[in-house]
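Residue numbers (my numbering), protein chains in the order written: chain A, 1 to 547; chain B, 1 to 307; chain C, 1 to 561.
Any given hint might turn out to be false.
[Stated by the list, open to error] Okay, the calculated beta carbon distance ranges per label pair:
{"id": "1", "chain 1": "B", "residue 1": "Leu143", "chain 2": "C", "residue 2": "Asp420", "range": "56 to 66 Å"}
{"id": "2", "chain 1": "A", "residue 1": "Glu84", "chain 2": "B", "residue 2": "Tyr146", "range": "53 to 63 Å"}
{"id": "3", "chain 1": "B", "residue 1": "Thr170", "chain 2": "A", "residue 2": "Glu184", "range": "25 to 35 Å"}
{"id": "4", "chain 1": "B", "residue 1": "Leu221", "chain 2": "C", "residue 2": "Glu445", "range": "46 to 56 Å"}
{"id": "5", "chain 1": "A", "residue 1": "Glu184", "chain 2": "B", "residue 2": "Asp60", "range": "43 to 53 Å"}
{"id": "6", "chain 1": "B", "residue 1": "Gly77", "chain 2": "C", "residue 2": "Ala137", "range": "49 to 59 Å"}
{"id": "7", "chain 1": "B", "residue 1": "Gly6", "chain 2": "A", "residue 2": "Asp453", "range": "48 to 58 Å"}
{"id": "8", "chain 1": "B", "residue 1": "Ala51", "chain 2": "A", "residue 2": "Glu84", "range": "39 to 49 Å"}
{"id": "9", "chain 1": "C", "residue 1": "Gly25", "chain 2": "B", "residue 2": "Thr170", "range": "55 to 65 Å"}
{"id": "10", "chain 1": "B", "residue 1": "Gly6", "chain 2": "A", "residue 2": "Thr377", "range": "33 to 43 Å"}
{"id": "11", "chain 1": "B", "residue 1": "Gly72", "chain 2": "A", "residue 2": "Glu184", "range": "16 to 26 Å"}
Quick caveat, the hints were computed from the structure, so don't treat them as lab data.
Note that the structure is a prediction, hence the values are computed from the model and not measured.
The beta-carbon is built from N, C-alpha and C at its ideal position, and this holds for glycine as well.
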Amino acid sequence: MALAGCGGSDGSGGASGPKAAAIAAKEASQPRRGGTIEYGHYQEPPCLVTTWVQTGYLTRQYLEQLITVDDKGKFLPWLADAWEISDDKKTYTFQLKRDVTFSNGEPFDSAAVKANFDNWFSTDPTRRNGYVAFHVEDHIDRIETPDDHTVVFRLKHPHHPFLSALSQYAFGFLAPSVIKKGPEEWCVRPVGTGPFVVEKWNRGSNVVLKRNPSYSSPPGDVENKGPAYVEGINWKFLKDNTARWGSLKSAESDVIYDVPGVNWAEANQRYEILQHVTGGRPSQLALAVDHEPFNDVRVRKAFQYASDRRKAVETVFQGAVPYNGNGALSTSSPEHVEELEDYYGHDPDKANQLLDEAGWTERNGDGTRTKRGKPLTVRIVYGAGSIISGDGAQFLQVVQDQANQVGFDVQLKPITTAEFFAGKGRQPGEYEIQPGYWVARSAEIFQVVWKPDAKVPDGTVIPNANNPSRFQEPEVWKLVRQADRTYDDAKRTALYQEVQRALVEKHAVTVGAYPLTVTLALGDNLTGIRLNASIGEPIFNDAYFVK
Amino acid sequence: MARRLGGAVFVLWATATFTFVVQLFMPGDRATMIINTQAGNLQSPSAEQLAALNARYGFDDSYLAQYVRYIGDLAQGDLGISYNQHQPVTEIIAAQIGPTIVLTLSALVLAWLISLVVTVLATGRDNAWSRAATGFQIVTAALPPYWIGTIFLVVLSVQLGIFPVEGSNTLVGTILPAFTLAIPLSGFLGQITQDEFARVLDQPFVTSSRTRGIGDLGVRLKHVLRHAVLPAVTLSGWALGALFSGAVLIEVVFSRQGIGGVLVQATNGRDIPLVTGVMLASAAMYIVANLLVDIAYRFIDPRLKSA
Amino acid sequence: MSTLAVDRDEAPLIRLAGLRVSFGGPADAVCDVSFALQPGRALAIVGESGSGKSVTARTLVGLTGGRARVGVDRYEYRGRDVSALHDREWRRLRGKEIGFVTQDALVSLDQLRPVGKEVGEGPRLHGEAGSRAQLRARVVSLLRDVGVPEPELKARQLPHELSGGQRQRALIAAALALDPALLIADEPTTALDVTIQAQVLELLEATRERGKALIIISHDLAVVSRMADDVLVMRYGEVVERGPADAVFGDPQHAYTRKLLDAVPSAHSRGARLSPSSAPRLATASSDDRTHVAERVGGFDGPLLRATGLFKSFRGPDRVSRTVVQDVSFELGVGETLGIVGESGSGKSTTARLVLALERPDAGTVELAGKPWSQLAERERRSRRQDVSVIYQDPLSSFDPRWPIERIVRDSVDKSHIGDGRARVGELLDLVGLERSLRHRRPLELSGGQRQRVAIARAIAVDPAVLVCDEPVSALDVSIQAQVLDLLADLRDELGVSLLFISHDLGVVHHLSDRVLVMKDGIVVEQGLADDVFLRPQHPYTQHLVAAVPRLEVEAPRVAA
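Make the full structure from the sequences, and use the hints.
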């Protein structure tokens with residue numbers, strides 16, 4: 001859900017004159033054409049089409065999906081006008097919009113959809129789309145294209161999150177001719193049907209997006225049915241926090257992404273703020289249950305009680321990011337169980353008691369608890385600068401301090417991005433805790449994270465790398481599968497909530513921290529920007545300059 | 001000339017070989033790494049996927065075969081395709097190296113200007129300005145460029161609005177980053193030059209020139225300066241290398257295009273062809289820098305020509 | 001206050017009275033110097049290091065230097081008061097009115113600029129350069145006037161491509177470029193070979209004869225005696241004696257002047273001590289365990305050192321091989337002194353290195369006490385190394401500057417295994433006339449003469465039979481030089497040490513040597529007894545050398561002009 005304008009209307013701090021006046025002027029204004037939006041973004045992707053979240057914000061501007069979702073969880077038409085689900089829930093039939101063309105003139109039709117899916121499921125790693133594959137490859141039996149404007153997905157079994165998956169950023173379609181040319185082409189000259197066209201990518205600096213003048217395929221939640229009001233977007237990569245914030249202050253940017261924590265209070269006072277809490281798995285600490293000490297649920301619970309995570313998040317992020325104590329699901333996901341937020345409050349006494357019960361009763365010279373002479377050591381291995389930001393690392397330090405007070409010996413092991421992706425320190429047994437998140441819209445993430453390890457016919461086991469806690473209780477996975485196949489909303493929600501309770505209350509395998517949050521700060525001149533309900537991609541179709 | 005060319009080829013070969021060996025010893029499986037980076041997430045690649053990738057990049061071959069192919073490709077100017085950007089490495093580097101060269105060269109020129117002005121005006125004069133100048137050089141030589149850059153950005157761009165915040169690759173946008181890199185270097189070069197300047201100022205030929213009626217500034221500019229710059233000129237080849245690595249940080253602070261961003265991305269993504277390309281480009285720059293230093297040295301010290 | 005030459009008709013060009021210069025030390029560097037000088041006259045200021053003569057000269061053009069405090073009762077140039085000029089006004093006088101030839105000629109031209117630029121600098125600075133072609137022509141003619149060969153070429157060349165004499169001439173040409181009325185020359189002949197020295201002196205002479213006033217600063221009494229009309233003798237910043245040259249040199253009034261004159265070595269001083277009897281001398285009394293060289297080599301009656309047909313060549317940076325020593329043969333007997341004279345590049349230092357076995361001859365042999373020496377492998381030679389010792393011109397560069405004197409000498413004593421280390425260091429210091437209290441000083445804290453004594457102490461610590469002396473007194477003031485020469489003579493006479501004495505200074509060699517070798521371009525052009533060679537030279541080159549030596553013209557005082 002997008003918390004639009006939380007600074008002004010909810011009265012957080014005395015919204016001062018210029019901001020209030022600007023918002024009033026924006027509300028009173030009518031859409032005007034013209035102008036180029038100077039947008040100060042953060043990270044630059046290596047390629048203009050990847051499944052990385054940071055690329056998702058960008059691809060939203062030129063690639064479009066079959067459907068979208070609004071902030072109430074309702075699926076809306078986009079490149080598909082309408083869809084139908086068979087009674088056995090195994091056939092999804094989509095009717096495509098007519099007369100939609102890619103910006104290079106190629107028609108958008110069912111063959112184009114099929115070509116994209118084939119590309120995503122390719123075994124060629126430079127083509128394969130892992131995100132799409134995780135979410136739907138297991139469930140699709142085949143894709144049929146009876147005519148140019150009809151796409152039929154035959155599923156192996158009912159899978160309710162299928163629509164939710166299709167509404168995700170990673171399902172945007174490229175023109176078939178570009179697919180044919182391969183990543184060399186789409187990485188720098190992607191062609192889609194979207195409201196903007198990539199004109200030029202000045203690597204290291206910006207992507208120049210121009211309005212698509214023949215645009216005709218807005219999603220259901222966009223008011224402007226034609227081409228965008230603005231002439232284009234100068235999508236700049238301002239990696240340095242000071243520079244990005246300074247760029248907004250000096251009006252070199254009309255809008256920036258991710259206000260730095262130190263500037264949050266000032267930003268809130270002065271600028272219109274758009275914020276979106278991303279769904280799916282929040283940033284949480286996955287506790288490795290496959291070996292000591294976290295193979296004992298009492299130790300896991302003790303670790304949850306040991307630290308005041310809510311306070312740590314408030315201290316570190318200074319309000320820019322909310323707390324997410326339920327490690328199983330993000331607060332913005334519709335199935336999120338609210339009472340799990342504070343299920344493990346800060347309670348050192350309880351933590352001590354649990355550790356005593358678990359047999360960690362002795363102490364060594366450092367004050368660390370021991371059991372049979374073995375210290376209660378916990379290694380937190382994390383990808384510094386990539387998965388865990390600087391602020392995130394501070395959060396870990398607070399947790400470390402507090403856990404050490406009840407007798408843990410918490411060791412922080414930052415590893416570089418390169419090492420992280422190479423899997424260093426992340427093999428089973430090399431860590432006790434791994435922090436991480438997985439962006440999605442909602443509880444459909446469970447089937448990605450908690451899927452048990454796969455056994456290939458020759459007997460080797462391919463571990464599910466998305467499940468660092470190695471927790472594979474068959475009863476929980478059964479619940480997930482059951483929920484995914486339940487089409488009754490109330491029942492399904494109840495099942496997903498049961499999964500959360502099992503993960504948090506009963507098994508305590510995940511320690512909640514904070515959700516991934518998208519924040520945009522807008523200058524006084526620009527209005528009409530929205531953050532998408534899916535992962536908070538900024539939508540510029542309706543954006544215009546007030547004067 | 002032939003010897004110099006041979007030396008250059010050797011440096012490039014050594015750099016390429018070093019990069020090749022280092023990447024073999026980096027942790028983790030290369031194919032898995034590429035898949036993970038491309039997915040932006042941790043994957044559990046199947047054996048087929050890994051096999052496909054290994055075949056594509058030839059990771060299955062013996063190290064010797066990989067090395068021979070790699071050097072062979074390099075010799076033909078083929079630096080390969082970036083794993084993550086999917087573009088020819090030569091194109092990526094060609095597109096990015098220009099702004100970095102502009103930045104490092106302007107920083108070098110500025111550093112020289114600052115250190116020379118301070119040296120010429122202040123050295124060997126027993127006054128407050130001279131002491132302040134010496135202090136200035138000691139302090140600036142110790143300042144980290146990243147810190148200077150951030151201060152410049154906050155004060156001059158954000159607060160005062162004199163310079164653009166986004167150091168796009170315009171002339172104005174180059175001023176702050178160039179100064180940021182130049183200031184610590186100017187302190188370093190200045191200290192060396194000032195010592196030498198003070199020494200030369202006492203040389204008999206300087207007194208000799210004074211007896212012909214030359215003024216103090218004249219003797220400093222016409223006679224002493226040329227001698228005094230020689231040690232620092234020798235170090236300028238090294239300094240250009242230092243500026244190059246400084247540029248990697250500063251380009252991020254000022255959101256500039258340049259090889260720095262490429263290197264960061266390439267290293268983080270373990271994009272071996274790209275890392276190799278950047279290393280070779282740096283080595284080439286180093287070679288050119290030293291060649292320029294040699295030329296400058298011969299220009300300043302004509303004794304070398306006749307020797 | 002008596003001023004020189006005030007009785008002359010012509011008005012003085014320059015008149016100085018009561019000059020005082022202080023650098024902030026306890027004593028003034030220059031105290032109460034006065035003189036006057038007419039056009040066409042030459043004034044010499046003589047004195048040893050630290051006498052204040054160079055400071056006086058520089059003060060005359062307002063270039064005393066950094067922190068100096070200068071006071072003067074009266075300073076007039078062409079009758080105009082110049083005692084309080086600003087630097088800007090001084091600059092108008094420098095080069096234009098007063099030409100100045102600075103000391104250290106070899107390094108007084110900017111090494112990075114063509115010689116012609118330096119010579120043309122004066123005219124350019126004073127706006128008299130004219131067009132580029134005019135200036136070039138003027139520079140060439142100036143260089144030609146001072147006798148630089150191939151002036152067009154030399155004007156384009158860098159200083160290091162010129163010989164020492166050419167550099168000194170170019171420097172004089174630069175000083176004369178604007179035809180100044182007064183020329184000040186500070187040590188204009190130091191470090192030059194005798195023949196070059198003679199040419200430079202002629203050049204200065206000619207300048208004076210063109211009606212220019214000349215002030216010549218020198219430590220070399222012989223040079224001054226030839227050139228000067230009037231003389232100022234300075235010591236410790238004060239003028240101790242003044243007067244017409246013939247009067248000062250012919251009948252010195254002040255004891256210091258007499259001492260200086262006595263200290264000059266020459267043919268006449270052979271066999272006599274140069275330094276006053278009060279000077280420290282070789283103390284043989286303490287060296288009871290020391291034996292005369294003759295006893296040590298007892299039984300052997302041939303020459304102690306015999307060099308036969310030595311050849312040595314080196315490859316230069318241009319990869320052309322040059323023969324620097326050609327067919328050199330000589331003998332050196334026990335207690336004998338063999339002098340080697342020659343100009344720079346004559347091969348005399350290389351000959352010394354061959355004798356020291358620091359270089360191996362390409363052909364020929366050196367024998368020591370009848371046994372092979374130069375042909376030996378270094379390993380075999382090591383045990384006899386102490387038999388041949390050396391002292392150089394600049395002892396400082398062969399000392400570790402961080403070591404105290406005691407350690408420097410002790411280092412050699414330990415190698416010699418003679419006597420008890422510490423006691424022997426004391427004996428050696430006594431022997432060379434150094435106070436024992438200096439043993440804890442470091443080389444930089446000693447005077448030049450003291451340093452050379454340390455070098456000698458170190459050299460004789462190993463009890464050598466042969467002492468090679470390579471320009472041992474070239475850097476020393478005349479009175480210090482006298483002491484060192486006396487010391488060497490004592491070593492020879494009382495201990496029987498043989499000396500191989502190398503110098504460009506014919507007077508010094510003549511004073512000390514029994515026999516002399518004259519070298520030119522690596523060849524021995526003449527050898528024989530010292531008196532024969534210097535008084536009755538046979539070879540034209542020797543004749544040329546001897547003629548070029550400026551002599552202290554005391555016996556035949558010039559007729560006052």
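Hint check:
1. B/Leu143 <-> C/Asp420: 56 to 66 Å: holds, 59 Å
2. A/Glu84 <-> B/Tyr146: 53 to 63 Å: holds, 58 Å
3. B/Thr170 <-> A/Glu184: 25 to 35 Å: holds, 30 Å
4. B/Leu221 <-> C/Glu445: 46 to 56 Å: violated, 38 Å
5. A/Glu184 <-> B/Asp60: 43 to 53 Å: Roughly 23 Å apart at Cβ, these two residues miss the hinted range, so it is violated.
6. B/Gly77 <-> C/Ala137: 49 to 59 Å: holds, 56 Å
7. B/Gly6 <-> A/Asp453: 48 to 58 Å: Between B/Gly6 and A/Asp453, where Cβ atoms are some 56 Å apart, the hint holds.
8. B/Ala51 <-> A/Glu84: 39 to 49 Å: Since the Cβ atoms of B/Ala51 and A/Glu84 sit about 40 Å apart, the hinted range of 39 to 49 Å holds.
9. C/Gly25 <-> B/Thr170: 55 to 65 Å: With a Cβ separation near 60 Å, C/Gly25 and B/Thr170 satisfy 55 to 65 Å, so the hint holds.
10. B/Gly6 <-> A/Thr377: 33 to 43 Å: violated, 55 Å
11. B/Gly72 <-> A/Glu184: 16 to 26 Å: holds, 22 Å
Violated hints, in rising order: 4, 5, 10; the structure is consistent with all others.
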